[in-house]
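2 protein chains.
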Amino acid sequence: MSSKRIYIQEVATRDGFQNEARFVDTDAKVALIDRLSACGYAKIEATSFTSPKAIPALRDAEAVMHRIARRKDVVYTVLVPNVRGAERALSCGVDEVNLVMSVSESHNRANLRMSREQSFVQLSDVIRVVGQTDVAINVSLSTALGCPMEGDIEPTQVLGWMQRFADLGVQGVTLCDTTGMAYPSQVGALCRAARERFASLELTLHFHNTRGMALANTLAALAAGIDRFDASLGGLGGCPYAPGATGNVCTEELVHMLELEGYDTGVDLAAVLDASALLPELIGHDVPSQLLKAGRRLDLHAPPCVGADGLPTQNALAQTT
Amino acid sequence: MSSKRIYIQEVATRDGFQNEARFVDTDAKVALIDRLSACGYAKIEATSFTSPKAIPALRDAEAVMHRIARRKDVVYTVLVPNVRGAERALSCGVDEVNLVMSVSESHNRANLRMSREQSFVQLSDVIRVVGQTDVAINVSLSTALGCPMEGDIEPTQVLGWMQRFADLGVQGVTLCDTTGMAYPSQVGALCRAARERFASLELTLHFHNTRGMALANTLAALAAGIDRFDASLGGLGGCPYAPGATGNVCTEELVHMLELEGYDTGVDLAAVLDASALLPELIGHDVPSQLLKAGRRLDLHAPPCVGADGLPTQNALAQTT
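For the protein sequence lines, the chains are A and B, in the order given.
Anchor point for the first sequence: position 28 equals 28 in the numbering used here, and the numbering is continuous, going up by one each time.
Anchor point for the second sequence: position 79 equals 400 in the numbering used here, and the numbering is continuous, going up by one each time.
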């Protein structure tokens, strides 16, 4: 078995919570992040320094960042849309800023209300400001594996945007399967091309489980040498185009599979499951996580009650395959 | 892209319906199977000739088999627990009988109320009776990739039971991940071993998505040369050990991924999705299928309304990654 290190980056308190109707109380956010900080993640995307009007769910970004107990072995990153957001984030001493734009024009306009070129100018300004500090910069490229309005995205488009940001000196790029359109062979090909061309960039894959393929896509990314994945506790995240759909790849399901495959995630799966179990009360509804319902594969069950003949006193199951 | 043929076997009307509290009316079962017959499946597990007391949901097995309109290009198989069930099935002119026992002793006792050796004797009797006809025989080995009571199952155990049934002349064996305990590297190893030792057996993999890994496990099985999969419309199936858990691998999600990966499933995905959309009314609740909510990856969406500036008149999304 391999014991290759895989880096897990938690996004539930940003990508998850921003999608929730109910405002999660600042105390609860801080308590959750503090709990997650002890779980062994490489990185936690704690919140977003967007306009409180645009994303009221994360309007308490400063308070959250000031009040969490930060661990030295965890990178605390935050989403930042513009220079104003970057200044707010820097004033909180974040470790990294995460910038976002879409590879597809339609999605960028719908998501950010500007063209891709306008986004690039705006993010270049952010990179100039943050580049004067020792805070790391990551760029998340949305719709890198498909756009819900334009369909397929040419890998050359993705690599082209990676190049433009690499030229500006960013440390990392995240390829985002924003609405769960990725499929394994596509993921493998894009990841191989990206790794080959940008060997020195920290490369993250960000999957959504919208069409059930998040873990299959993860296998394809692993085979292409990817060692860094975003994931969301409980599978929080949703998809604006598919009401009721599953969200981001579920952290506990990702870690569970990676551990079974022999990888070293550094993550304490039991602690993550305990944290995930707190979510339904925080957000007011069930979470997509299947692992939370079913337990780990070796969380065993007692046999049914048996009679004097050693057989179950009633047919607990019936012809299940 | 490969255009290798993959055979899809629908189990929703057996493995799915047997798990439902609500009795699905015989007319509705017949209508659904007739609809599925036009979808391009290689095989449909139509019903189960178990005792009506044990599985009341499938008490109308004869009526279903007599009333469906059978197509020559589809194999109609039925679950059969014993000689009595086999005689009932044969009287309906089934194409195949599917026998079931567990690789693990505890699960066999819980599921079938007898020891594995008793099951083997009983199924040997069935094979003797059916072997005198031209009806095919498949054996489904439950808990082949893990037992919810005993944990890990040694591959040698699985191969040993396969050998005993191969020696009795069965045509096919299904390796069942009954409670979703399989993981990709384990699946790959078992499938390679089984294919190598039993090259002439028709080998099926039967996955459950209990812990989210069904499609990842499918990739591993494909890589090991497996070309035949059970799947359940809408993801029906559930798990007795995990209330509310996802059931069998979802047919439409499996076919969707296989087609994207370039395989030829023969299945009409649009027709399968139409059929899946009928399930919630039939069974009285939502189904696990994510694809039914989200649509296929290239079922595109219109951009949000735009103003004179070509930008959305409101922020339809907001900083989604």
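Calculated from the structure, these hints are not laboratory results.
Do not rely on the hints blindly, as some may be mistaken.
[Stated by the list, open to error] Simulated crosslink set (EDC-like; lysine to aspartate or glutamate; CA at most 20 Å straight-line):
id	chain 1	residue 1	chain 2	residue 2
1	A	293	B	607
2	B	614	A	286
3	A	293	B	548
4	B	325	B	607
Source: prediction; values computed, not measured.
Hints, one by one, checked against the model:
The suggested pairing of residue 293 (chain A) with residue 607 (chain B) holds, with an alpha-carbon distance near 17 Å, which does not exceed 20 Å. Of the supplied pair hints, the one linking residue 614 (chain B) and residue 286 (chain A) holds, its CA atoms being roughly 17 Å apart against a limit of 20 Å. About 30 Å separates the Cα atoms of residue 293 (chain A) and residue 548 (chain B), which puts this hinted pair outside 20 Å; it is violated. Simply put, residue 325 (chain B) and residue 607 (chain B) have alpha-carbon atoms about 33 Å apart, too far for the 20 Å limit, and the pair is violated.
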